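Participant: Sequence:
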Amino acid sequence: MLVAQLAYLQIVYGGKFEAEVDRTDKTVMTGSVPRGMIYDSKGRLLVGNSTANAITYTKSGSVKSSDIYTIATRLTKFMTVDVDDLTDRDKADYILAAPNKSAQVAKQMPKSYRVDANGDALSANKIYANEVKYVQKQGIHLNDKDLQRASLFKKMSAAYSLSTVFLKDKNLSAREIAQVSEHLTELPGISIGSNWTRDYPQGKSIASIIGGVSTEQQGIPDDEINSMLASGYSRNDRVGTSYLEKNYESILSGTKSQRQVQIGSNNQIKKSTVLYKGQKGGNLNLTIDSKFQKKVQDDLNTQYSAAKAAGITQYSDGAYAVVLNPKTGAVLAMAGIHNDPKTGETSEDALGVINRTFVMGSAVKGATVLGALMDGVITPENNTQADDPIYLPGTPVKKSVYPAGTFGSLDAVRALQFSSNIYMMNLALKEGHAKYVPNESISMDSDIFSTLRGYFNQFGLGVKTGIDISGETTGIEGATTNSEGKLKTGSALDLAYGNYDAYTLIEMAQYISTIANGGYRLKPYIVQSIQKTKDDGTKGALTSVTKPSVLNKVGFTQDDLNVVRKGMYAAVHGSGYWTTATKLADLSPAVAAKTGTAQSFYYDPDNPSSDPPETITTSLVSFGPYEDPNVAMAIVFPNLSSENGSYPNLLAHQIYTDYYKMTGQK
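Read in numbering that gives the first Met the number 0, the sequence shown has 277 at position 278, and its numbers run on one by one without any break.
Please note that the accuracy of each hint is not assured.
[To be verified] Computed cross-link-like contacts, DSS-like style, restricted to lysine-lysine with a CA-CA straight-line distance of at most 30 Å:
(1) Lys-293 <-> Lys-522
(2) Lys-326 <-> Lys-552
(3) Lys-290 <-> Lys-533
(4) Lys-63 <-> Lys-169
(5) Lys-144 <-> Lys-63
(6) Lys-326 <-> Lys-538
(7) Lys-169 <-> Lys-538
[Stated by the list, open to error] Restraint-style ranges between C-beta atoms, simulated for each label pair:
(8) Asp-87 <-> Ser-609: 46 to 52 Å
(9) Ser-543 <-> Asp-87: 48 to 54 Å
(10) Ser-172 <-> Asp-603: 48 to 54 Å
Hint data in this document are derived by calculation from the structure and do not stem from the laboratory.
Computed from a predicted structure; not experimentally measured.
C-beta: ideal position from N, C-alpha, C; glycine also.
Assemble the whole structure, with the sequences as input and the hints as a guide.
Facilitator: Written out as structure tokens, the structure is:
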């Protein structure tokens, strides 16, 4: 009967069984392609890829742990690897993966490790967990070679089915490549490939803006895993994690290659055919000139070092500067310094331009005056006001920095020239339909804050600018009522001269650009164009070019604008001791500017105080050349212990000097 049955199976089903042995499944595998490059406005490479040879492993479906153990053991004959941080669990998994080792350990374990209290056999998972526990109890002693094998085993085991991982991509010698290549037939799934890392040929002066890329181990960020998997990413893909690298991930990542692989009945890859070689990531061309960017950062470092040497940075948290083209919104340079007040250590922080807020002081007065002109409480022809201090009950006198009585009255131009706080507060009183009587409480329209802020918003103050970098924050608005629900009329006056709400520096740059270009609030941008990459790695055709984007047109007239422009010109070129920005007067072509000083306080999150030290925040906004502006800038030095030094003015002067020299303007 047995002979008859064997004959029956061989004759009738022999062909079927033979076909089953030779059966193959076809599966499409994807592969990564080189990430796109990032260039500056002059075509200089800012971010590229350093390519290195690599030993890779492609995991077959349903591969056994013992097979991976064998491959890892063979590999260490031909190359050495760094030992990753291996846990005791990792080491135990490696030990148990040796052929027949798991069964041996299972026999050696106490009976209680194999059956439950009722004598029933435990599940396979529980038994394996107990095997791990038993091995750890017995003590794990691995030599250096074993640790290398365990490290390889961990990487290979962690790979997803039919995915490729890098086993070694640094310090790989020619001898190691040759030896592994010679023995590939003994190493299923092992290949010689290449890997890349981001490099920065021009330095990292704007590294915080460019952002980062995840490692293979980090893969897709947890908060985006579902959406990215749905878009065709693998869990261990390297992706942009912040700022430009993240914003333009779909462009920089390119299109994955595709290979059709045939998998035999033993779950090993038998054949591989390239279906699509993939498309290299697209390139970003930025609006920033890396040489100008470096000069601005160096100039900022110089002035901040001078402030440190003067001993006024003990509470300072840094300094920032940004330069825009007011005609387009293009960012020409963005620089920042973060200072740790406790240690005095500084670091590059260009990103602080878009994600840090400060009370900027009088630099916002151009928006205050234009708001009042649009509101109709003053006109280009009739805008003179008395310059008398304001006295409110229970509040220190509200005045300008110069002594009371210095000016009997001021028009709008001279108020900007001498930076009169009183003038701006009087505008707020008029816009709020208030009747002021010295030493008596003021009654104002309940919507005074929204009125003032509404005009500020038109210039970009207090609202996001829309810049093409993730992470932009918006300004912080102070409270409009006190604890008793009453309108904070005194704070409304403070708001009018810039000593209440906080703004980001990019908001300040957008505001001054709007004045410089005639009233168009333009969206700032850093990416000028996107470009394909040719097969040889060189630049290909442009796929898109950023065009200026008008967010809104501010509703002032040309006569209104001329008042403020003349006031900012007078702040630089006017005469009189209290003229605020005369350090820029010798620049050619001529520029206009508005300085700012705000009272602030140092807040120590580790040691909050009910009586924090008082500090000074100094700022500046400016545009030039005055007749036809093509550059606008905003600068802030927050939380200094003294306003002496005029650091924003000195920095602005050097930035203009560098810019005019680089662009050939005279």
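Participant: When the hints from earlier in the document are held up against this structure, which numbers fail?
Facilitator: Violated hints: none; all satisfied.
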